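Those sequence lines, one after another, are chains Z and F.
Per UniProt numbering, residue 1 is the first one in the first sequence, and the count goes up by one each step.
Per UniProt numbering, residue 1 is the first one in the second sequence, and the count goes up by one each step.
If you're looking for bench data, these hints aren't it; they were derived computationally from the structure.
Computed from a prediction, not measured in an experiment: that's the story for all the values here.
Treat the hints with care, as some may be off.
If several chains are the same, the list does not tell them apart, and a pair holds so long as it fits within one copy or across any two.
Here are the simulated DSSO-like cross-link-like pairs (lysine-lysine), alpha carbons at most 30 Å apart as the crow flies [stated by the list, open to error]: (1) Lys-408 to Lys-558; (2) Lys-558 to Lys-547; (3) Lys-45 to Lys-196; (4) Lys-133 to Lys-161; (5) Lys-411 to Lys-283.
2 protein chains.
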Amino acid sequence: MPLQTPESFADVLIIGAGPAGLMCANALAAAGGIEVRIIDQRPSKISVGHADGLHPRTIEVLQSYGLAERMLREGSRMYMCSFYNPSHTGGIEFTTRVPDVTVPTARFPFKIALHQGAIEDAFLDSMAQHNLKVDRPVKPLAIELSQDQEQLHSLSSYPIKVTLARLDAATDAEKLEVVHAKYVVGADGAHSWVRKAFGVTMDGDQTNYVWGVVDMVPDTDFPDIRHRAAIHSTNGSLMIIPRESEKVRLYVQLSGEDFVDPGTGRVSKSKSSPEKILEVARKTLHPFHISPLSDIEWWTIYMIGQRVASKFSVEDRVFIAGDACHTHSPKAGQGMNASMNDTHNLAWKITQVLRGWANPSILRTYESERRKYAQDLIDFDKRYAALFSGKARTSADQDGISHDEFFKAYKTASGFTSGMGIHYGPSMIVNAKHQCCAENLVVGQRMIPQIFVRAADARPMEIHDLLPADTLFKILIFLGSANEESRLAEINALANELSSPTSFLQRYSADGQPSASVFDLITIVAGNKENFNYLSIPQVFRPHWSKVLLDDTDVTGKVGGDGYKMLGISSESVTFVIVRPDGYIGMVAPVAALQDVHEYFASFLLPCHGSSSL
Amino acid sequence: MPLQTPESFADVLIIGAGPAGLMCANALAAAGGIEVRIIDQRPSKISVGHADGLHPRTIEVLQSYGLAERMLREGSRMYMCSFYNPSHTGGIEFTTRVPDVTVPTARFPFKIALHQGAIEDAFLDSMAQHNLKVDRPVKPLAIELSQDQEQLHSLSSYPIKVTLARLDAATDAEKLEVVHAKYVVGADGAHSWVRKAFGVTMDGDQTNYVWGVVDMVPDTDFPDIRHRAAIHSTNGSLMIIPRESEKVRLYVQLSGEDFVDPGTGRVSKSKSSPEKILEVARKTLHPFHISPLSDIEWWTIYMIGQRVASKFSVEDRVFIAGDACHTHSPKAGQGMNASMNDTHNLAWKITQVLRGWANPSILRTYESERRKYAQDLIDFDKRYAALFSGKARTSADQDGISHDEFFKAYKTASGFTSGMGIHYGPSMIVNAKHQCCAENLVVGQRMIPQIFVRAADARPMEIHDLLPADTLFKILIFLGSANEESRLAEINALANELSSPTSFLQRYSADGQPSASVFDLITIVAGNKENFNYLSIPQVFRPHWSKVLLDDTDVTGKVGGDGYKMLGISSESVTFVIVRPDGYIGMVAPVAALQDVHEYFASFLLPCHGSSSL
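Put together the whole structure using the sequences plus the hints.
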């Protein structure tokens with residue numbers, strides 16, 4: 001008699017424990033109260049090689065989960081990028097060295113190189129604190145999404161049935177299990193099983209650029225070995241990424257015919273070796289020498305593919321994320337970043353829906369926001385990869401790509417390569433109607449960093465640190481100056497309005513108080529630390545002493561200040577800045593448009609969240 | 001037949017595991033290769049109350065041991081100090097609010113409040129990584145220092161015999177043990193057993209100022225409850241120290257007659273209670289109200305004593321440190337800071353002597369440096385405590401102390417209250433002969449912070465972070481600009497000289513290379529990150545790629561730069577700045593005085609350290 005297949009239930013089942021899956025799992029586990037399950041078919045996590053770059057926006061996002069500290073401590077930082085080009089005497093020569101991150105609002109004006117395993121460790125350790133582990137080696141065998149509309153629209157139903165197989169290493173036997181899930185996230189890589197199971201196609205092409213990658217500790221006289229360096233030579237291109245400890249990674253352009261299997265048209269690892277890749281690198285770097293001081297830690301070769309999945313979601317119940325829905329060239333350092341930012345975008349939405357706070361329709365914005373971004377990224381990548389993989393112009397070959405051409409592309413690419421350019425278009429959660437009341441903030445982009453001084457204790461606080469990824473919308477109330485009598489009347493009137501039961505602050509809150517459960521409120525006053533008394537503003541603006549900030553410098557006079565000016569906000573009236581749980585600006589509004597703020601939240605929040613299943 | 005008393009040997013036996021003892025134990029354990037033993041008679045460490053203030057210099061010192069991060073995360077920070085004085089209508093009123101730390105070079109422009117137990121935990125955790133634990137409850141019964149001059153002068157001898165008793169909690173029996181030690185550090189508090197055992201007297205007086213202390217979570221409408229606040233009222237003085245979490249500490253001036261036992265002349269805890277102290281506090285704070293929101297976490301009363309031990313060392317084999325050699329008022333936040341800085345000063349000296357690097361005569365500088373500091377501190381404390389404990393001037397009482405008088409003292413006290421004023425006078429390890437070649441550095445004071453940019457990777461580096469308390473002297477070579485041809489000749493000549501076997505760099509180094517074992521070398525070039533090639537300077541100046549810094553801003557243009565100007569060093573010649581292992585400047589010298597640098601080190605370093613017992 002066969003044993004019954006065990007069955008279990010999960011709010012969210014995540015398939016794949018790479019960066020996209022781990023970001024999702026950690027965010028849901030940290031949110032609390034959600035039954036999360038994460039599986040991976042690899043028996044253990046990777047420990048060397050693979051993706052290794054964190055761009056500045058991703059560092060900000062990791063910081064919002066309390067996970068950046070470790071990356072900042074362990075990783076190698078790239079502040080500048082050096083350029084080398086063909087010299088007149090043969091070989092290459094130094095051309096210029098410029099800042100790698102040119103977006104002025106970057107909180108972290110550098111990129112971090114750190115192997116993927118270390119980044120995954122940070123997530124795994126954080127998940128462990130929330131009692132969540134990756135279940136491995138477990139692979140999915142079958143997935144079935146109910147077609148019953150009632151089930152699909154009921155928050156209490158588990159419309160997805162997934163059959164899993166656990167591999168027993170000792171006996172090689174597979175143990176089956178059935179999981180019933182409310183939501184499934186397929187973060188299972190470029191060859192995504194989830195994507196294929198639902199017949200989602202990948203749109204786009206393979207290029208014919210072939211690249212090799214080697215990780216090693218180098219012995220070299222190349223002066224920019226600790227900078228990111230982009231090298232164009234007559235022998236092909238090469239990029240250097242300085243890594244943690246003494247390591248570097250080389251991306252080496254290879255000539256396709258030597259490394260591609262003519263039968264399959266695919267790169268063939270068996271036709272290659274780290275020695276062959278290094279041989280090309282040595283020629284490209286001439287007259288500088290380079291050789292490994294130790295064993296090659298990791299290596300690979302690849303052909304650049306540039307593809308986006310035709311859809312990112314099935315019925316807003318099954319989502320795909322990360323490499324499962326976009327592939328592009330690794331040298332612009334986007335792969336892992338785009339992947340983690342996919343699920344960063346998704347996790348809070350699933351959480352708010354599961355809690356009964358938000359209407360399930362907000363889940364549609366996952367595809368509209370992230371697929372648009374992925375398409376833009378691929379378009380950018382096509383231009384960038386073509387320039388970087390193209391032939392270098394020399395005095396002998398005037399048809400090649402000039403340094404000026406590449407450099408121009410490099411500079412305009414900064415929004416993408418830093419991640420700061422992510423801009424979500426108008427939707428139920430992005431309302432740019434009153435954009436003009438905060439001129440230097442862009443609705444749909446991430447809140448920009450700014451240091452304010454806490455009124456009660458004069459401690460300088462980076463506003464980003466007050467916008468943690470804790471599933472709450474942040475209501476920043478820029479109260480303006482609170483000195484003149486006329487302003488006080490306006491401020492008191494607003495306090496009364498916000499305290500009324502019809503105000504959004506009260507309407508979406510269980511206990512009738514501006515509670516911390518749905519919103520986090522921060523008040524920013526144009527005042528100074530020497531004489532402002534934070535007890536002088538109405539109670540509704542200061543749910544706790546730590547929530548009142550001043551637009552002033554710190555005691556040294558060197559940190560903070562000019563915040564209203566930097567953000568382009570008037571200090572003569574009240575302005576609302578609504579920051580989504582993922583750090584993106586959902587709306588800005590002047591006090592006169594308070595009704596629009598009410599309507600913004602009314603369009604997707606559910607007034608009574610007592611009915612939630614959580 | 002009685003059992004034989006067990007005997008053991010230790011390089012250093014530390015008696016007392018308060019802040020002074022723990023700083024010493026951790027420093028010696030981290031140094032490595034030293035047999036350290038630390039005992040304490042309390043059965044467990046304290047967990048609430050007691051000392052709680054870290055001044056900015058102590059934070060820098062903790063940072064040099066890698067221990068500041070936790071204090072910065074867990075502690076409450078005091079950026080400003082508020083002053084309240086008698087109002088014309090009775091009660092008190094706000095007078096002014098000013099920065100608490102006014103020394104412009106403070107790296108951490110604030111003080112930290114955190115209970116002593118948390119600070120001790122940081123040491124205990126760090127010690128555990130070096131396999132050192134506090135042995136407790138163990139108390140010393142007898143100590144004997146050999147009078148044999150040969151033994152006293154031999155590094156291989158153990159001239160101190162200490163008899164210890166371990167209390168067995170179960171049986172109440174004492175188990176004896178004899179420890180033979182090379183050095184003993186008595187960090188056993190104000191009633192020091194070690195001090196008394198050697199008949200060392202305390203010079204100074206008891207005041208008649210009586211103060212009460214309460215730690216609690218307050219309910220109050222006092223606007224400066226999260227600032228350090230100094231309150232003078234007609235009812236006495238009061239100081240508020242905001243603490244970690246929501247707690248505050250109140251220091252409340254009490255009228256002596258109510259709390260002093262007339263028989264002993266000492267304060268009597270039995271005559272007092274937290275309620276009585278709070279009753280006084282409430283009157284002092286009128287018209288503001290204050291009451292505890294929770295139980296009183298800790299409380300005490302004390303009379304201020306201001307005393308310094310007549311000597312800090314016996315034969316440079318037994319040292320006393322911390323409260324054992326100085327007591328003063330707690331409100332200037334000096335006690336724990338002075339204590340930790342005592343053993344911070346001592347530990348590297350003992351380490352270098354034990355390793356055979358330095359002549360034992362450097363141990364004499366412990367007393368000369370720290371006793372002088374303690375005396376200055378007491379002198380300052382007498383003036384400060386008298387002002388703070390004195391009567392406040394009011395319109396009715398013109399004889400009291402005015403706000404202006406107190407405020408002036410407060411401002412001039414900043415060197416002491418921040419710890420930045422610590423200035424060690426000339427000695428074998430402090431040589432101010434060439435002071436003029438680095439105008440804004442003070443030989444004998446701590447190296448001032450400055451951000452430089454690392455040449456190889458353009459990463460901004462705070463020079464303090466390159467001066468860890470790792471027992472090594474740091475040789476900072478300010479090479480000046482390296483652009484002109486004429487400078488290169490000078491730089492190459494210096495490189496040859498430093499590479500010669502008679503150079504101090506080679507002379508005190510076991511392997512004939514500028515090794516990391518006795519010195520750490522950092523080269524600072526007046527160059528810019530866009531085009532400087534760190535491989536262009538001679539090898540002796542760059543033992544590792546990370547050791548070459550540039551005096552330039554970081555990529556944002558907002559951090560670093562102007563270092564030569566800030567330190568008052570010329571960029572047209574070479575200047576040496578020698579930083580002691582404890583972060584204090586031992587010497588500055590122009591390249592022309594290289595011979596004086598040789599002589600400085602020759603005066604206390606031992607050329608051959610192969611003969612060490614370690």
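Hints numbered earlier in the text: which of these fail when held up against the supplied structure?
Nothing - there is no hint that the structure violates, so all of them hold.
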